[in-house]
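Participant: Listed here are the chains, written in short residue letters.
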Amino acid sequence: GAVVSQHPSWVICKSGTSVKIECRSLDFQATTMFWYRQFPKQSLMLMATSNEGSKATYEQGVEKDKFLINHASLTLSTLTVTSAHPEDSSFYICTIAPNNEQFFGPGTRLTVL
Amino acid sequence: RKEVEQDPGPFNVPEGATVAFNCTYSNSASQSFFWYRQDCRKEPKLLMSVYSSGNEDGRFTAQLNRASQYISLLIRDSKLSDSATYLCVVNSRNAGNMLTFGGGTRLMVKP
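Top to bottom, those sequences are chains A and B. In terms of the numbering used here, the first sequence opens at residue 1 and continues consecutively. In terms of the numbering used here, the second sequence opens at residue 1 and continues consecutively.
One chain only, chain A, in its complex shape (with noise of 0.2 Å):
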């Protein structure tokens, strides 16, 4: 099956800072990836679906302008969690779906003081 990787596998940060996480398609051509974040006891939630070349799509409730997500080329998708707060800590988990099967990354915990 497909790989995927993330960066960085966590981070802590403080209020205010900016955090980029990638995920990696490392032997897959993904033109689409999804994000999804886990917030402690609760399930995934989909955040977004990134798409490669073209904006990404957003679910309902998340603020694009804060999740900025860029899809530059067919095996990198990042996810920019701008002016972090202690709120969006949570463990975001970057998906792959050739072929219909689904491919997690390891996910990246952020916690953010």
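Each statement offered as a hint is correct.
Just some of the chain A residues that point at chain B, by a computed CB distance under 8 Å:
1) F34
2) S43
3) T49
4) I93
5) Q102
6) F104
7) G105
8) P106
9) G107
10) R109
Lysine to any residue pairs mimicking SDA-like chemistry, simulated, CA-CA at most 20 Å apart:
11) B:K42 with A:P8
12) B:K45 with A:E101
13) A:K41 with B:D82
14) B:K45 with B:D57
15) B:K45 with A:Q6
These are calculated hints, taken from the structure and not from any lab test. Ideal placement from N, C-alpha and C gives every residue a C-beta, glycine not left out.
Keeping the supplied structure of chain A fixed, place chain B upon it in accordance with the hints.
Facilitator: Here is chain B on its own, set in the frame of chain A:
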């Protein structure tokens, strides 16, 4: 109403017990169904897909009832290593390849 609903548990069972989890989904257009396992602070991992005819993989049996929009997972002969959160996941064709996750059911298997 949530799109995919599960009993959050926790289910505390002794080793060797049989345990069943249930899940209901609200979108009748849902096409694909899965059970994922998630360990603490890790990404979800696919446990098994769920087929209309029901399917079994070792100690795990999954069932789908489309009429009732209900999915189940049965674990026989529970092992300590089965302790995890089990996520019911649905893929709707009219939503592309987006997955909708249930809230998860936590299982704790005790010696």
